[in-house]
Amino acid sequence: PNKGVGKVDLLGVGPEDRLVVVKLKYAAPGATRGGTGDTPLRALLDGLALAAISSVNREALASELGAAAGRTLSDGPPLFALIASPRYWELCRGREAQKGAAWIREMERLARETEQVIGVQVLYLSMALAGDPGWEYGEEGPVLTEAPQLAAAWEARAGVVKPKAKPRPKAQASLADEIVEADLSRPIQTYERTESYEAGDRIAHPTLGTGVVQGSAGVGKVRVLFDGRKTLLVHQRPVPGSPA
Numbered sequence: 049p050n051k052g053v054g055k056v057d058l059l060g061v062g063p064e065d066r067l068v069v070v071k072l073k074y075a076a077p078g079a080t081r082g083g084t085g086d087t088p089l090r091a092l093l094d095g096l097a098l099a100a101i102s103s104v105n106r107e108a109l110a111s112e113l114g115a116a117a118g119r120t121l122s123d124g125p126p127l128f129a130l131i132a133s134p135r136y137w138e139l140c141r142g143r144e145a146q147k148g149a150a151w152i153r154e155m156e157r158l159a160r161e162t163e164q165v166i167g168v169q170v171l172y173l174s175m176a177l178a179g180d181p182g183w184e185y186g187e188e189g190p191v192l193t194e195a196p197q198l199a200a201a202w203e204a205r206a207g208v209v210k211p212k213a214k215p216r217p218k219a220q221a222s223l224a225d226e227i228v229e230a231d232l233s234r235p236i237q238t239y240e241r242t243e244s245y246e247a248g249d250r251i252a253h254p255t256l257g258t259g260v261v262q263g264s265a266g267v268g269k270v271r272v273l274f275d276g277r278k279t280l281l282v283h284q285r286p287v288p289g290s291p292a
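In the numbering used here, the protein residues as written are 49 to 292.
It is possible that part of the hints are untrue.
[To be verified] Computed Cβ-Cβ distance ranges for the label pairs, DEER-style: (1) Ala-79 <-> Glu-156: 23 to 31 angstroms; (2) Arg-90 <-> Lys-214: 30 to 38 angstroms; (3) Gly-266 <-> Pro-235: 23 to 31 angstroms.
These aren't lab readings, by the way, just hints derived from the structure by calculation. The beta-carbon is built from N, C-alpha and C at its ideal position, and this holds for glycine as well.
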């Protein structure tokens, strides 16, 4: 029945004699990447499962704590603490946008809702060790060289997500992009370089077909729309042989 459930890293007694369940995560100061799938959310869910199991076994745990430390346990819901090395939190934040603001916000939300619904208070803490690795091995196993320094896992407003910048409004279509419809009250004119044309005129070109004048394109030039494609044509050119 406990398949997939990890071990409890630390058990203790907290404020108001509440049972404290601790999940530990460690990344060495020189680590450059975290483990695949090793996320704070997964650690939180694992820890809450362990807190539930520990709460069910409160009587046996109270007996062990009483014998080991002379402490008693209250009947209140347990407190869960996710404690990780500073480098662990740095790696988790470094691989996300805005230094992990989005997932930090969700982790804080889950902590609030967990306490509201089942009464389990959730803490996210950073634990700095003195030195690298910060422990030495004795006869009974590893022992910390100095007392660790506990602090909040992240700054107070780390979960504030900055809104995305609003997209720049698209520039209004220029006159060159507007489509001028043909003025059907005017007859179709055969294209001649010496003629003068204005917007709305229909022009019959010997090779391009029939188009609609869209407007002036500068001195002596007009834009003409032929079958969905705009083309520049010259007009108002002097008649050959006429005085300049």
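The hints, checked one at a time:
no. : hint                                    : result
1   : Ala-79 <-> Glu-156: 23 to 31 angstroms  : 25 angstroms, holds
2   : Arg-90 <-> Lys-214: 30 to 38 angstroms  : 35 angstroms, holds
3   : Gly-266 <-> Pro-235: 23 to 31 angstroms : 26 angstroms, holds
Taken one by one, the earlier hints all hold for this structure without exception.
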